[in-house]
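These protein sequences, in sequence, are chains A and B.
Here the first sequence stands for residues 1 to 424, numbered as in the numbering used here.
Here the second sequence stands for residues 1 to 231, numbered as in the numbering used here.
FYI, nobody ran anything at the bench for these hints, they're computed from the structure.
Think of the CB as a built atom: it goes at the ideal place given N, C-alpha and C, for glycine as much as any other residue.
One or more hints might be untrue.
When the alpha-carbon atoms are kept at most 20 Å apart in a straight line, the in silico EDC-like pairs for lysine to aspartate or glutamate are as follows [claimed, not checked]:
no.: 1; chain 1: A; residue 1: Lys-324; chain 2: B; residue 2: Glu-81
no.: 2; chain 1: B; residue 1: Lys-84; chain 2: A; residue 2: Glu-313
no.: 3; chain 1: B; residue 1: Lys-143; chain 2: A; residue 2: Glu-313
no.: 4; chain 1: B; residue 1: Lys-166; chain 2: B; residue 2: Glu-223
no.: 5; chain 1: A; residue 1: Lys-13; chain 2: B; residue 2: Glu-107
no.: 6; chain 1: A; residue 1: Lys-15; chain 2: B; residue 2: Glu-107
no.: 7; chain 1: A; residue 1: Lys-3; chain 2: B; residue 2: Glu-119
Some chain A residues judged to face chain B by a derived CB distance under 7 Å, without partners named [said to hold, decoys possible]:
no.: 8; residue: Met-1
no.: 9; residue: Lys-3
no.: 10; residue: Asp-12
no.: 11; residue: Gly-257
no.: 12; residue: Ala-319
no.: 13; residue: Met-320
no.: 14; residue: Glu-322
no.: 15; residue: Lys-324
no.: 16; residue: Gln-358
Label-pair restraints from in silico Cβ distances [to be verified]:
no.: 17; chain 1: A; residue 1: Tyr-388; chain 2: B; residue 2: Glu-132; range: 21 to 27 Å
no.: 18; chain 1: A; residue 1: Tyr-311; chain 2: B; residue 2: Ser-120; range: 50 to 56 Å
no.: 19; chain 1: B; residue 1: Glu-73; chain 2: A; residue 2: Arg-412; range: 36 to 42 Å
no.: 20; chain 1: B; residue 1: Glu-223; chain 2: A; residue 2: Arg-412; range: 30 to 36 Å
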Amino acid sequence: MTKFLFLGLLRDKQKSLFPIIIVSVGVVLTTWLYSWMLGVFNEVIEGNARFNNGHLKVTTIAYNEISSQIPNDLCLTEVDKLLETLRAEHKEYEWTPRIKFGGMIDVPDETGETRAQAPIIGFAADLRSEFSKENERLQISKALVKGKFPSQSNEIVISDVLADNLEINIGDVATLIGVSANGGMAIHNFVVSGTVQFGMTALDRGALIADIGDVQYAMDMENAAGEILGFLKNGMFNEELATSNKEIFNKNHSDAGDEFSPLMVTLLDQEGLGDYLIYAKSAGGIIVSIFVFAMSIVLWNTGLMSGIRRYGEVGVRLAMGETKGHIYKSMLVESVLIGLVGSFIGSMIGVAVSFYFQEYGIDISSTFKNSTLMVNDVIRAKVTAGSYYIGFIPGVLAMLFGTAISGIGIFRRQTATLFKELEV
Amino acid sequence: MTASELIVTKKLTKQYPIGGNFFTALREVDLCIDQCEFTGIVGPSGSGKTTLLNIIGALDAPTNGNAKVLGSEIGKMNHVEAAKLRNQYLGFIFQTYNLLPVYNVFENVEFPLLLQHIESSKRVDMVNKALEWVGLSEKAKSKPAQLSGGESQRVAIARAIVKQPKIVLADEPTANLDAQNSHHILKTMVTLNEELGTTFVFSTHDEKVISYLRRKIKLSDGEIVDDTIVN
């Protein structure tokens with residue numbers, strides 16, 4: 001009997017192929033949308049973490065209050081001791097000092113006169129220590145367009161767009177004109193070792209990246225840093241862990257009465273990223289839920305249509321002496337089979353499509369033209385374990401529920417009207 | 001009820017609720033159909049033919065009175081018992097054949113046997129024999145869409161008789177057939193009735209069918225107005 005019914009299922013394309021296609025398409029779309037939303041939200045969070053905020057950040061209380069102004073006069077001092085403490089007490093994280101700074105870059109001609117000038121946003125990171133992961137984190141080598149990684153003293157990389165605008169070449173001298181930590185003018189000559197393009201509009205407009213040692217010297221910030229960033233070793237932000245580390249550190253080392261005492265904040269405490277994450281999670285959840293719900297209705301309808309289409313077949317089977325319960329069960333088994341096959345195909349295609357978008361992404365640089373958010377110009381999907389089952393479950397269940405509801409008609413059906421119904 | 005009495009109804013009444021009232025489809029019908037009969041319930045539309053056939057086929061239950069089919073009281077059966085009765089002892093032939101389109105002729109005829117969990121080799125023998133009875137052995141692999149109306153109805157007959165039921169209930173079996181095919185079908189059924197001893201009960205107002213009947217039970221407004229044995 002099972003073989004007989006299975007044979008019928010295989011042969012009747014409207015009973016098998018069509019619903020499988022519908023289920024597959026629904027599951028593909030659900031899987032892709034889920035992976036895409038995940039990729040978009042993750043990209044914003046991780047992009048900001050790597051360049052700007054870390055998973056945890058330590059600054060002075062005063063610096064934190066006006067951090068958007070990059071107040072290096074309120075920087076952390078005795079950074080080596082603070083780093084030692086952080087590395088000893090918060091071992092899950094890798095700690096690294098950073099200095100952000102604004103200023104102007106001046107490109108002199110052969111006579112020493114200004115040839116070109118432009119405003120820059122500067123990033124100083126530990127580029128030359130033996131075990132530093134800053135190159136990997138900031139993806140400098142990966143982003144190089146011309147030249148080489150700044151491995152020598154006073155070497156810098158600047159954004160390729162900026163280099164073009166200034167008509168500066170590799171090996172040329174560029175003078176940084178900024179404000180020192182003491183409020184004086186900071187002037188320092190650097191050599192451009194390379195140009196970079198990160199694919200983030202906020203950085204590619206005019207970034208300068210230098211080793212932190214050189215910038216400390218240039219800005220009178222000996223053993224000082226604007227901020228110390230902490231990155232969880234697996235590279236993924238963990239809200240719970242970050243919050244508990246923040247609470248422990250602030251309890252032990254922060255003094256609300258001293259504006260120069262250190263303060264630890266999490267990624268979510270900075271630049272509205274917490275609100276963003278809440279919004280992203282809610283929006284993502286709502287969008288995916290709506291989509292899954294809509295797909296469930298479509299698939300349910302497919303189950304219903306399939307049930308209604310088989311009214312005659314069910315009538316004949318009842319007349320032959322098959323019980324209503326047996327017919328109902330066989331229809332449910334068929335729907336689970338269709339759901340499983342469709343969901344499997346859909347999930348595989350959906351994951352493959354998501355992998356494609358994870359690899360190649362979509363260029364949204366024009367949308368973020370004037371944004372300061374560290375968002376990649378190319379937004380990519382992110383395939384996770386969830387991508388494999390997010391569409392699979394509703395695919396199977398929706399088909400099953402659709403058939404289950406349409407099948408209730410079997411029990412309601414008055415067998416007394418069978419002759420009449422089957423004579424249509 | 002004697003051993004040869006397959007169907008017995010006593011004061012069988014069937015009413016359907018219509019609005020706040022009841023429509024009486026059958027009024028105190030007393031009837032007895034014996035084994036091997038070739039009987040027709042005849043009468044105009046609305047006379048209660050199909051209702052009577054439904055009750056005999058355990059597809060519906062009486063409102064009052066009782067109907068016994070093969071010793072089982074229809075009014076006291078639940079769905080599963082009714083399905084079992086249909087599965088084991090009753091065959092149905094419909095006006096519009098109702099073959100399952102995705103299965104071939106052989107498989108359509110095999111279907112009732114699968115419900116009875118008959119083993120494969122025996123099933124094959126029974127199906128082949130049924131197809132021989134209706135003269136369609138060479139069409140075993142054909143799909144219903146490849147058959148003529150007459151051939152389709154013969155497949156439906158084979159499906160009804162393959163399990164060698166005690167009773168075959170046929171509702172207007174020739175309604176969609178031309179005269180030649182109708183006669184062919186009816187002759188097949190007469191032969192099966194004579195050779196297998198299967199009781200045939202028709203619901204019909206087709207004169208061609210009526211001419212083959214050996215007993216005519218005439219219904220009018222839910223009552224038996226005539227019950228004639230044809231010699």
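Return holds or violated for the Cβ distance of B:Glu-223 and A:Arg-412 against the range 30 to 36 Å.
Holds - the Cβ-Cβ distance for B:Glu-223 and A:Arg-412, about 31 Å, lies within 30 to 36 Å.
Holds or violated: the hint that A:Met-1 contacts chain B, with Cβ atoms closer than 7 Å.
Since chain B brings a Cβ to about 5 Å from A:Met-1, closer than 7 Å, the hint holds.
Go through the hint on A:Lys-3 and say holds or violated, using the shortest Cβ distance to chain B against 7 Å.
violated (9 Å)
Classify the hint on A:Asp-12 as holds or violated, based on whether any CB of chain B lies nearer than 7 Å to its CB.
Constraint on A:Asp-12 satisfied, holds at 4 Å.
Holds or violated: A:Lys-15 with B:Glu-107, Cα cutoff 20 Å?
holds (18 Å)
For the pair supplied as a hint, B:Lys-84 and A:Glu-313, confirm whether the alpha-carbon distance does not exceed 20 Å.
Roughly 18 Å between the alpha carbons, so the hint for B:Lys-84 and A:Glu-313 holds.
Run the distance test for B:Lys-143 versus A:Glu-313: straight-line Cα separation, threshold 20 Å.
holds (15 Å)
Would you check the hint for A:Lys-324 and B:Glu-81, treating anything up to 20 Å between C-alpha atoms as holding?
Holds. A:Lys-324 to B:Glu-81 sits at ~11 Å (cutoff 20 Å).
Any CB of chain B closer than 7 Å to the CB of A:Lys-324?
holds (6 Å)
When you check the alpha-carbon spacing of A:Lys-13 and B:Glu-107, does it fall within 20 Å?
Holds - the C-alpha atoms of B:Glu-107 and A:Lys-13 are around 18 Å apart, at most 20 Å.
Given A:Gln-358 as an interface hint, is the shortest Cβ-Cβ distance to chain B below 7 Å?
Hint on A:Gln-358: violated, closest Cβ of chain B at ~42 Å, above 7 Å.
Do the alpha carbons of A:Lys-3 and B:Glu-119 lie within 20 Å of each other, as the hint requires?
holds (13 Å)
Taken one by one, the earlier hints fail for this structure at numbers 4, 9, 11, 16, 17, 18, 19, listed in ascending order.
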